[in-house]
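Start from the sequences, fold in the hints, and give me the full structure.
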Amino acid sequence: MLRSRAVADTTTSTYRVHWKQWTEFSAYVNWSEWLSDDAQDNSTKLGLFASFCWRYGWRGEQRGNKFTTIQLKLVSIRWYHKRYVGIELQHAPDFDVLMRGIRRLSGPLAKKQAITPAFLRLLHRRLDFSRPRHRLLWGAVSMGYFFLLRRSEYLLVESGKRNYCLAAANTYFADRRDVRDPFEAAAAVTIGLAGAKNDLFGRGAWRTMHVTCDPVLCPMKALYHLLRARLALQRTEAPYLCVDLSAQEVSRTFKWLASIIGVSPRNYATHSVRIGGTTALLSGKADGLAIKLLGRWMSNSYDDYPLLAAEATFGLSRRMI
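Mapping to the UniProt record's numbering: the sequence shown position 145 is 145, numbers consecutive.
There is no bait here: all hints are sound.
Derived pair list, reagent style DSSO-like, types lysine-lysine, alpha-carbon separation capped at 30 Å:
id, residue 1, residue 2
1, Lys-66, Lys-82
2, Lys-112, Lys-285
3, Lys-221, Lys-285
Restraint ranges, calculated between C-beta atoms of paired labels, are given here:
id, residue 1, residue 2, range
4, Trp-256, Gly-284, 20 to 30 Å
5, Tyr-84, Gly-284, 42 to 52 Å
6, Arg-180, Thr-68, 39 to 49 Å
7, Asp-175, Val-216, 21 to 31 Å
8, Asp-94, Glu-24, 17 to 27 Å
9, Ala-27, Thr-68, 24 to 34 Å
10, Arg-176, Trp-256, 36 to 46 Å
11, Gln-62, Pro-182, 53 to 63 Å
12, Gly-86, Lys-20, 16 to 26 Å
13, Ser-246, Val-85, 30 to 40 Å
14, Arg-180, Gln-90, 56 to 66 Å
15, Arg-228, Gln-62, 43 to 53 Å
16, Asp-94, Ala-27, 22 to 32 Å
Simulated from the structure, these hints should not be mistaken for lab results. The beta-carbon is built from N, C-alpha and C at its ideal position, and this holds for glycine as well.
See the structure below:
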């Protein structure tokens, strides 16, 4: 049992999918999926698999995988050998050369665009708040934006709700001292997360965001809309705050709005919410440690999230003359 808990459940699911691809490929070329301690033989077999994925991908789309995807598939194969056979796979130097070639010939990593305040305001105008599902979606997206939530922390993902998904019982309006208060007298919203993918010990975290006084973009209004939507949908007893709102539904809405305003729908997905919140905080000169703690990053990996917003460059040209 301890070995099975060595990695997060979502990571285990990813490893399982990639291992299945490897076993199917091994059966196709008529060799065992279990490799040996022969470094050169391992390099040959893993190299063929990596080359196949780079050229053809796997889902029959005839579109090759990018370097980062192939790298993760190889990690999955190594993990299965370490976990079930007790082998730390070795490879020859020529395998590193092959992987470097794949990396150079792979296209650049397509980074999702950030959900900006302007994008959110456009979304607000397009939604019909007399429809509970629209109100639910708006509240969820706004909460994700202000609290830098991962999609699995508030939305229904492909494999269902995670045990650390934001619960309705762990969300409340509060005063400035973080004491529960009704909406009319409150000045902030507090949420409690039971854990996260990178929270191996399930310590959880409580976060508070205060009123913005903006008529549209405000964490308090976000929670208000969510509670009203739950009431209208007759789902007040649903354990999770965002009920059954799925990541697919949110992503589809973003792509729909993107096509309306004339930008590429492919640039927007649920991850755009977390990127957008981080970008807005950095553009607003927020402290890096505060961003790290709010987003519950275990490292400084959040530095890769933000995109350079136009307002962030204001005044820079004057410093160059």
